Amino acid sequence: MNAKNDPMNESHPEHPEEFYEKLAELFGQEKADWARLPYEERMKELERLHAAFNTPDDLSYWPPELGGDADAVERSEPFPK
Amino acid sequence: MAFIPLKQGRDAGTLVMFVVEPMTTPLQFYRLFRDLLREQGVRALLTSGMACVEYGIQETTKDTDWIIHPDDFEKLVSLLCRQEKGLSGANWRISYRGIFGAPLDREYHLGGWTSHLIIQDVPSSEEQRLDFFGQPPRLTAEKAFAVSGDELADELVVAQMKKTDRDKDWPMVEALCDLVGSRKNAEALLHARSPDLLKALWTTASEDQRKTLMKRRPLLVEMDTPRFGLRKCLAAERTLWEEVNKGRYRRFQHEWKQFIRRWRGQNDFAWPVSASFDRQHDLVCGAVRQHELPLEPLGGAEGRMKIVENAQSVIVEIYGDDVGLLETITPPLEEMLP
Chain E
1 MNAKNDPMNE
11 SHPEHPEEFY
21 EKLAELFGQE
31 KADWARLPYE
41 ERMKELERLH
51 AAFNTPDDLS
61 YWPPELGGDA
71 DAVERSEPFP
81 K
Chain S
1 MAFIPLKQGR
11 DAGTLVMFVV
21 EPMTTPLQFY
31 RLFRDLLREQ
41 GVRALLTSGM
51 ACVEYGIQET
61 TKDTDWIIHP
71 DDFEKLVSLL
81 CRQEKGLSGA
91 NWRISYRGIF
101 GAPLDREYHL
111 GGWTSHLIIQ
121 DVPSSEEQRL
131 DFFGQPPRLT
141 AEKAFAVSGD
151 ELADELVVAQ
161 MKKTDRDKDW
171 PMVEALCDLV
181 GSRKNAEALL
191 HARSPDLLKA
201 LWTTASEDQR
211 KTLMKRRPLL
221 VEMDTPRFGL
231 RKCLAAERTL
241 WEEVNKGRYR
251 RFQHEWKQFI
261 RRWRGQNDFA
271 WPVSASFDRQ
281 HDLVCGAVRQ
291 HELPLEPLGG
301 AEGRMKIVEN
311 AQSVIVEIYG
321 DDVGLLETIT
331 PPLEEMLP
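Protein chains in written order, with the numbering used here: chain E, 1 to 81; chain S, 1 to 338.
In short, the hints are calculated from the structure, not lab data. Note that the coordinates shown come from a computational prediction; the quantities given were computed from them, not determined experimentally. Careful: at least some of the hints might be erroneous.
With a cut-off of at most 30 Å between alpha-carbon atoms, the simulated DSS-like pairs for lysine-lysine come out as follows [as the list claims (entries may be wrong)]:
id, chain 1, residue 1, chain 2, residue 2
1, S, K306, S, K246
2, S, K143, S, K184
3, S, K75, S, K257
4, S, K215, S, K232
5, S, K199, S, K211
6, S, K168, S, K184
7, E, K31, S, K211
8, S, K199, S, K184
9, S, K257, S, K215
10, E, K44, S, K168
11, S, K85, S, K75
12, E, K31, S, K199
13, S, K232, E, K31
14, S, K168, S, K232
15, E, K31, S, K184
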């Protein structure tokens, strides 16, 4: 991590307003508002979200050889990274 | 550390007793793990969803994805074995996941395989899922480490990794490019997804930058000399990336399934196993070599080209065989499958 990409660096400049507008356009106003929060508050809010919701695991399907759903691997959509 | 109540009294009149145990949240765990990697000298970059979070783009994934320098896998395995030691150690529980992937082994990671672990650092915490890349998809580790800071993958490294066939990843690519573009970095032109952002970035790029970037992303030719239309080219280009990702993934999946079938044919086959991590690691490292999991399923330049050609055939099926469209939207092989 360096000064350029360290989000915790307090000297890190605020993003331009257009960036938050872009986030609102792409992901909705709630996530844009989250991005505007100071770093520590953003992370606290994310902890709250993590505690409240169980996020899907896109690598969780098991292949038939290991007792999983035989078709799941073949039709798995979407594929992992 | 957060604390949770394990037991409490039922009657209002009785003293309520709490037994508390520490638990680690996914964010706390990622920082803990990052610090361990740093302390042990394992060169690693946080990438994917958790990196987006660090950049202010919210993803609610709890997994952490790490690009590990290919020369540091042994150090990583040592670190994990040490963390698992009880009494004098941290007493973590660590397992390879029962999904497809290779061991934390330099040779396999150089061939593009990934490794997937579950770690429980304290009994009351949820299991932490970690994915490791020695050669991140669509990039090389060398490039990723060269352009990134010490611990966080550069925005455009994350953007390149996000060119998957999952719908949720593409808005991330655009947001990351917008962020990079706001610093007047013309390289965002390599990944930006909307005509508006592309046009804004194009105006800030010098003539030399435009020429250089056009070689890496031929679609940029549409900025000055539109022929097929930017929207059509962007849609076709995304489909191409998606199909290339599917083709790449299928190769790994196919080889892994063949390997598992060979391994399973053995009388004493057992996987995953509840053994210490060093034994799991030895077992899977032995198995991949004994049952010949190929090191490099993509098969060199020829195999990679075949994946791109298959993806191009999907483009022709969808968009027709307009002369020049494929050339306009297809990045060089070293950009798609280095």
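Hint check against the structure, violated hint numbers in rising order: Hints 7, 9 are the ones this structure does not satisfy, whereas the remaining hints hold.
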